[in-house]
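> Take each chain as given, in its own frame, and dock them per the hints.
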Amino acid sequence: MDIILMLIPAALIFSIAALLVFRWSVKSDQYDDMEGEAYRILMDDESMIPGREKKEPKQPESDQEKEKT
Amino acid sequence: MTEPAESACFHCGLNLPITGMIKANIQGHGRSFCCNGCAQVCEIIHNSGLDSFYKHAPSSRQWSTPEQAPEDANIFDNPELQADFVRQRPDGTYQADLLLEGIHCPACVWLIEHTLRQLDAISYAEVSYTRHRLRVRWFSEKIKLSEIIMAVGHIGYQAIPYEEDLEQKASKERRQDLLFRMAFAGFVFANVMTAAVCLYGGDFFGIEQKWRAIFQWYSFVLTFAGIAYSGRSFFSSAWSAVRQRRLNMDVPISIGISVSFIWSSIVTVSPVQGYEDHVYFDSISMFVFLILVGRFLESSARDSASSATRHLLALLPRSARFLNNKGEEELVPLRSVQQGDLLRIKPGDRIPVDADVVSGHSEVDEAIISGESKPVTKSAGAQVIGGTLNMSGQLSIKATHIGHDSVLSQIIELVDQAQNSKVDVQNLADRIVPWFVFIVLCLASITFLFWFSYADLPFAIMSAVTVLIITCPCALGLATPMAITIGAGLGGKLGVLIKRGSALEQLLNVDHIVFDKTGTLTQGKIHVSHYHAMIEDTEALWAKVRVLEQASEHPLAQAIDNALSHIEPSTHMLNFNSVAGRGVHAEFDKQVIHIGSLGWLTSLGITLDEGIEKQFKQEESNGATVVAVFDHNTLLAWFSLGDELRPEAPAILQSIQQKGIALSLLTGDRQGSALAIAEKLLPTSTTSLSPLRVFAEVMPNEKADKIAQLQGQGFTVAMVGDGVNDAPALTQANVGIAMGQATDISAQAADVVLLGGLDRLPIAMTLSKQTMRTIKQNLSISLGYNILVVPLAMAGMVHPLLAAIAMPVSSLLVIGNALLIHKRVKG
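So the protein sequences, as listed, match chains A and B. Quick note: the first sequence, position 20, residue 20 per my numbering, numbers continuous. Quick note: the second sequence, position 710, residue 779 per my numbering, numbers continuous.
Chain B extracted, bound-state conformation (with noise of 0.2 Å):
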């Protein structure tokens, strides 16, 4: 059985928390885990008697903690709601489509399924592992769609109804379309080799006239269905390509198959005694049918990466507890949402829609919106963003903007539109084609002009027009899709997505990385930096101030819990009160407890010494936060919290650097700060390599006017960011990175998404030197080929047999050699 270290969760793979594991007894074995939620999936998952997904699940596994089952499943009950989704089928099942969020490997897939089938309602549950998509059909007088929600829920998956919108839809048709026009250039092909085959037989061993004209024809047909179905696709593109100018690879390949054909129907129409009379069927339907399987390689594997990041509606909740007339609570669909409704926002609640606040006190989590991992304080009058998370207290709000009209909405819409005016820029091979196509011409007019002149009309046009043939771009048209597809493919497997695959060829020349600080340099979440105490019996004041913080629902509460998690509560507290905006006091033993901020502590009058007030006073300015502890007059201790490094950062940073990469650090944060963090990064003292740049105190807002500003001084910029904010950095930026989980809004924006962890950079970037390598020696062979072969042809020596053998050589070197990227990029 495949299990990962004793270190680590029995679930998820995670490394133990030092201090509050969770021991469970699950098939006869005790098991470690990491929190509780980790140990009820397996307690689930093992009651149902699917314990064998562990055998399956890598045990190398480092999955994040399982998703909850959502509160409002019964939600999607609502017929109304359904209406959009749920579709009855002839035999009465309902059938509706869920996007999975929380699917890590092939074992998931196999858990969700089986967990469902096992129920007796459930006729038939599919998922498709790289779409993250669960097709289920139930009957519906024996459970609820949200009964199913919660079963996906209780094994760690969340799962959203979901809908295909136009142009996914028309995505699909366009992927199955032109699967399809593979396969039949596949079926041309075979049945034209067939023929082909009889026909070079002939030549060595002589063959019946009447025999070679039936093959021909035979080959004839099927070649001429083969390019007007399948190739026509080669045509059109490049028919608009020239009418704009252009030149793209399409156009050689479109000379290249006409003129194939054109001369190989004249031989079959009018045989010329005594001239050369073979025909290049069988070249030509292998090279529809090569090309065509590079394209759709190359489509599915852009496809891939899309629908992996397509999880925005993730980001709001689906539904919204509506305060009618009474007062009283509603749980709504978020659709039904008007602008003016009153609507309950509760602890832990993803605020619906934006709007302003009536009543009630709360800490609000903005970081998707404005990348700052503090939270901010809402009272009565202050407005709240959609999408935004709700903290401590209760709200009451009245909503202001529905829909497109709000915040996120607007953003995605934004960098949608940005995403979707980025050209691609011309890659490698689109520069050579125009050399190629003109060479090429050239070439078979000097051929032509000699011939003329030495020998007769006829034999001049035939050996032009074998060098037209020869000189097909196959193994050209393939030399980059070929690489790229497998480069990203690789890259999928080591965590590094590529949503756009001409960054990976951009992201070779990035002179300049920018990173963001919060959440892609630092953890994104607030930790106890450091704590001190000022009295002597510490253990009985953090067992104190342990339970103290527990009862309170503040989020740096809950760090300070986390950071005394080796200390036993204590459970003489009496009175505890929370008082808004300052922090909580208890009573133990007659001794009244206060733990809240700096001016809570000054405005009871309390004086610090100037020693303390000073240290205060430098935490504050690093960007960390301070929180007191204190009785009726005296301070007793404190905590300094902050946002942490990611251990990783410093080693991947002085790495990139040694590679001769200009580095910058974006933030909001004031310049002092920043300037501490930049030197904890990259001391500046070690290395003599030019040092990280710091642009501080910058607005969300004019992050992509510093990326446009870096590019205007003629770097080529990778941006590194996480969080709705760096979206529009991330589209400005030649190449754009997002961290994390693809699920958010800078996934969308990103050309690269690293999936793991920062670490993922380093690879990312090894990865995008080898396909270049690659794609520069796959150019070298086509091109080769070309030298090895034009002159032949020039002088009229080439044997069809040779144009047969030589053509789909080039073309499988080139494809074997792109196939060598995973040695190069493993070994």
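With the rest of the complex left out, here is chain A (with noise of 0.2 Å):
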């Protein structure tokens, strides 16, 4: 039973460690929005393939339309 008296302060080392993080997280805004994060997970099913995450030939299209206005 004595190994409680180990476990007990390890457990709360960990979850101060798991606190000290969340911590950090909230500063940095990443709860800042938790609606939009949810569905991002749902959007990126194209770029996940690789080499697609750039369409270079159609690229300067896109680049006179800029130059028009």
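Here are a few chain B residues that face chain A, going by a calculated C-beta distance under 10 Å:
| # | residue |
| --- | --- |
| 1 | 175 |
| 2 | 183 |
| 3 | 195 |
| 4 | 199 |
| 5 | 244 |
| 6 | 245 |
FYI, nobody ran anything at the bench for these hints, they're computed from the structure. Each residue gets a CB set at the ideal place from its N, CA and C atoms; glycine is no exception.
What follows is the structure in structure tokens.
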């Protein structure tokens, strides 16, 4: 049973570490947008495929659009 | 692929116009668009390879027309102006926060982020969906901020640099603090529970005194930290309430926490042999945690509603066309404009400051200030108000009032003040609290006295304390916030933005609803309601009218052009000329055609039939504007233009009337036309219920007085309105309901914003009814729990394990019941 005297402080240290990590995440605004993040994971399906993130050949066209105005 | 039906615009999902829709070939499919804006946006999205935007956008979308890229974006490259909102980061990039207009769904977030991330010059782009904010970092040598704003503009969103004010910073800090305190309470709860399980185990299977003491001390230390850090806000709030001789929910919460904690501490520090030596640390920490979860959810619901309406700055332009000594035009930031400066206003510009017109002639849309949809003619000597929209001509103005002195800022300030001083009406739970505290204290005293005379002192104290502990109002404290949070969250999804939670409670008590006419019951835009030709060959005549009106910049001309959109414009126009304040004329095959006001017609000496003249008088008394088409001596055709009723309005008003709620119409129109509209909305012949009351000829500044008058007659009044001019009335009403995009001052003044349109009003009422019903049920659940357990506690028969189970179960029942609002409103 005496092992409990070791385990309780060990558990406490772990949970305090978790608490500090949580504090960091709150301070760095990670909980500012609680709704958007839930959808973000559903959206990124296409860029998961490597090499499709940027569509190089089509770039110039959109640049042209910008220059026109 | 989710696509709107064939009859809807491929981009925005609005119904396609019968004539004049745009066809384009995108991704190998023929797509139809409602306007050029949508088609352009869609093409750009396709060209950047982001077509999957349409896969994610909801198929039932009904968005407003895409925002235009701002013309004056390069003003934001001005280093002086950038000092306020652009920051250089250590890695050499620049960072700015931009407020976004036109975000409808999570797919919009995806689209903006991906469009920007495709640009090499941008190192970071992230959009906050709830706050409609874009944080972007860029390399200043490769791209300018104005180019970023334009890139976002091309895909249909408006981005305005944004700077957090002090109040917003403070509220963000409060939110983060609350979140962390909640997490800390959770940490305490979890750890204390570990020890509690050991202690309960010991109760059943036996435990050495040494281990019991260790676990109790462990819980004691953690719970103390939890109360001191996470729970201190309850005590400070309860203390300030007691000092003001009031009782709020925090008072019983504080009593419950302190009594349980003191009792458990005494048991821990000096265990009395042979007596009850149970501790309640687990119940305390669970209680603190649950209440904080409720508070956090409540505050985040309120927060998201208010940040969605903080777009007031969008009303004023950020730049002005400054005329320097040489008479040259320069685009300057608004803040550098001084009193007495000469500015130029082009058609389509918003007027940046309050000013006097020096020269020029134009029509100005003052709807945001006056609520009147018809533009006002302005020429030299007239005053113009900052924030209003210049429509037809060019003006030179001299700035008279700037910044805080301007009409718009003063209205905003007034509304802010009124809104801040509007006290939350005491809600149902708050009214129960004093009774609750009183009864609990009585029962505890009775228990003490009873056991003191029939048993010994320690047993009497213990039983009385158990009564105080077990009545801990966890469920009572959660009953209202949970229901309102879930009601408000559901409202946001259904297009009903609840800005003040108590509005949901009050809406149920409303017995009189006042509607503003313009923009609320009507479309708020001028349409051609009907038109007649006096001659046979109408086709040729309309072709001429159309080309003439296309050449004109007058707002009425645009409405006529829209009405004739099915006709091919004539191509034989010569010598087009526009006469200020009268109309336009041009030659077609030697025939001169005039289009203009009736005043112009008579001043040219053209006489009208008596019948026609009578009809025109009738039209004008109904609030319509008549535009005449004539050649050198005869009237050829005429158009009647007016603001049309929203098609859904009569049905909605009827359904509300059937609930026994009195209705009123508030308008600046003349009595006759107001009555005519009332008759159209709710025909008096079809119902025996009390008719629509009409308050006509009400000046914008008298609207709030009318509401106050009705309140004086004992009505609980809800006001439905839109625009700056309704803002004071919305604040005066018990429940202010604003229409529209939640971007203007009326949304700031209102308690509820109907984002979808008038048909959201019945939804808001159902939501209110179901939320109230849930609150009442929740209160019964929590009181029922007390009725069940208090007799046991008084009899001295409560085991702490029972308390540890019964208390969370009652809270969970309350939370679960609140979640049922979803089902009740939709089903």
